[in-house]
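Number of protein chains: 2
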Amino acid sequence: MPPLPSELAYVPFVSVQHMMNLVHHLGIETVLRALADEIEADFKRWEMFDKTPRVASHSEVGVIELMPTSDGEMYGFKYVNGHPKNTREGLQTVTAFGLLADVNTGYPKLLSEMTLLTALRTAATSAMAARHLAPKDASTMAMIGNGAQSEFQCLAFKAICGIDTVRLYDTDPAATAKAARNLVGHGLDVIPCTSAEDCIEGAQMITTCTADKQNATILTDNMIGPGVHINAIGGDCPGKTELHRDILMRSSIFVEYPEQTWVEGEIQQLDRTHPITELWQVIAGHATGRTSPTQITLFDSVGFAIEDFSALRYVEGAIKGTEFFTMLDMLADPDDPRDLFGMLQRSTA
Amino acid sequence: MPPLPSELAYVPFVSVQHMMNLVHHLGIETVLRALADEIEADFKRWEMFDKTPRVASHSEVGVIELMPTSDGEMYGFKYVNGHPKNTREGLQTVTAFGLLADVNTGYPKLLSEMTLLTALRTAATSAMAARHLAPKDASTMAMIGNGAQSEFQCLAFKAICGIDTVRLYDTDPAATAKAARNLVGHGLDVIPCTSAEDCIEGAQMITTCTADKQNATILTDNMIGPGVHINAIGGDCPGKTELHRDILMRSSIFVEYPEQTWVEGEIQQLDRTHPITELWQVIAGHATGRTSPTQITLFDSVGFAIEDFSALRYVEGAIKGTEFFTMLDMLADPDDPRDLFGMLQRSTA
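Sequence order for the protein chains is A and B. Counting with the working numbering, you get residues 18 to 366 for the letters of the first sequence. Counting with the working numbering, you get residues 18 to 366 for the letters of the second sequence.
Misleading hints may appear alongside valid ones.
A pair counts as met if it fits within one copy or between any two copies, since identical chains are not told apart.
In silico DSSO-like links for lysine-lysine, alpha-carbon gap of 27 Å or less [claimed, not checked]:
hint : residue 1 : residue 2
1    : Lys102    : Lys68
2    : Lys126    : Lys102
3    : Lys153    : Lys102
4    : Lys61     : Lys102
5    : Lys126    : Lys61
6    : Lys337    : Lys153
7    : Lys153    : Lys61
8    : Lys61     : Lys337
9    : Lys153    : Lys68
Hints were generated in silico from the structure; no laboratory data involved.
Same shape as in the complex, but just chain A (with noise of 0.2 Å):
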């Protein structure tokens, strides 16, 4: 037996069942509370940030994309693709995995799975932005499209916004029902409706999460009030958005990284004159986010690399003296720097 690598060569390793024991252990609310907040004190220093475009590659059917940051200590990316045709085929739209790295050393140090926490911090996002945007007394949110990350939005706006009314409206009633009985039993009133302009009554905030690649119109300017929030993140590449033009006209946008949101938000539709506010600055106290009770706020959401870079944080200090991970073998690490090669040919045994 060759002698075992040292904890040098190891690599801490977060599971999709390791991720889902996590929340049940912590409670899936206290979660999307601590990762808001997690992102929202990242967002605070936005400037520390190595910040670049996803790195994208494109087919047909779908996109692989790289997300990297770094704040100069840690560095972080995700893998993550997007393939709206996969769900016809039984296979996540969706899937994601990453990684945090020390930059003094350039070694790894988290693996994880990040479909779920994608979900979460996506959740997460939407709400910490919601609570610099939305109207102070929100009580209900409109969710528009039901399929795999809404019930984490809903929860995400009970944890985060203090909601108690969601209105779910899904071109499919069968996803719409799903989401319904997943949403038992966590202390909202959930709402099925059955048409977009029925889910949006009385909701002060409205959240559009639909998976078409292709420009649809999930809301039109005859639909939205004065003072409503709206949180568009089904949008997220180009060619695809959720809203009419003429709603964007009358709202103030704000959103996470303009170079990259320019290209797959909302915002697509919109001249690069158009007046836009960057998150980062409400939050660092640089701009203001909502400043009547009548103006209506769209946080155009696309994703940003910060927020799983948050995220990995968060889920490297809590794993910490658990047992929701495993060490990965996946660094070489000869005893002699220098000597890969004798590792390799002492390890004949």
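Fit chain B to the given chain A structure using the hints.
What follows is chain B alone, placed relative to chain A:
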């Protein structure tokens, strides 16, 4: 107990120990030859690949890079760091891992350690290039820089180019002694040398692989006689070169991906109008390699994503039917793809 995740949720993982076992099982020279053939075949169909310079995150002490590529059917990327100062702290200068995914679904299909695999593919690429560029009767290689990559280079040139003698030199005699010791029993005449001048004596091929992050001059112009093939692999980031500019002026220069080599390779020292040849063009028959016995040929190699892609594809095939991998529960795979939340909820048990 929650139901076990389906097959789709698992990704084959090749650990460092698995990779060592695989190499011993097949024999290192067999692996190097197979890698060279796989890389050569992919260079031949170079135009089919998505190519992009690596995505680098630089810090004061090193760099972390992502190197993605795709041939339209499979997507691959490598995570790799470069931290020259790590050696002084008992850590590897370079650690790496890589992933293959199915372009059609975006689902990962292989996760592998790539510290060892990068050493193997780098050596295989060097020797594959020499097969096209070096003098036909070359039997002796000078190996300058006897660090972690050196023994792999020596064996690749034996297995792929048929050399019988290597001459070793490093500024640190302990590194030379280590390499000489490791090469015992591999069928090579190994000659430790005490200077670079001594080392290149009688060598038809010269490999330079030193690790300082600075413009160095490992070889000066007067050291290089006619007909020699130089395999320069140590210069691989901005500001890091190994050869005197005058050598470049006398050489026919071959590179992997010009966009990257102009920034990272020896040709950083040249004007961008200087003629260079893409190696794939030689392999595909669109350009000539060596045209005379007195010509100095230089492979200015910085490593490219396609080489990692070829190596991962090779490993994917080679582990089939073996025990040299485990299955990682890395992807969430709910029964109903829209029911990620339900999967999480039902796992409470």
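Here is what the structure says about each hint:
For the identical chains of this complex, Lys102 and Lys68 are inter-copy neighbours only, at 26 Å across copies versus 30 Å inside a copy, given an alpha-carbon limit of 27 Å. In this assembly of identical chains, the alpha carbons of Lys126 and Lys102 lie at most 27 Å apart only when taken from different copies (19 Å versus 34 Å within one copy). Taking the shortest alpha-carbon separations for Lys153 and Lys102, neither the intra-copy value of 38 Å nor the inter-copy value of 52 Å comes in at or below 27 Å. Neither within a single protomer nor between protomers do Lys61 and Lys102 lie at most 27 Å apart by alpha-carbon distance, with minima of 37 Å and 32 Å respectively.
With identical chains, the CA atoms of Lys126 and Lys61 are at most 27 Å apart within one copy only, with a shortest distance of 24 Å there and 37 Å across copies. In this homomeric assembly, Lys337 and Lys153 never come within 27 Å of each other (Cα to Cα): the closest approach is 36 Å inside a single copy and 58 Å across copies. Taking identical chains as interchangeable, the C-alpha atoms of Lys153 and Lys61 lie at most 27 Å apart only when both belong to the same chain, with a minimum of 21 Å there against 62 Å between chains. When the C-alpha separation of Lys61 and Lys337 is checked against a cutoff of 27 Å, the pair qualifies only within one copy, where the shortest distance is 25 Å, while the shortest distance between copies is 48 Å.
When the C-alpha separation of Lys153 and Lys68 is checked against a cutoff of 27 Å, the pair qualifies neither within a copy, at 31 Å, nor between copies, at 49 Å.
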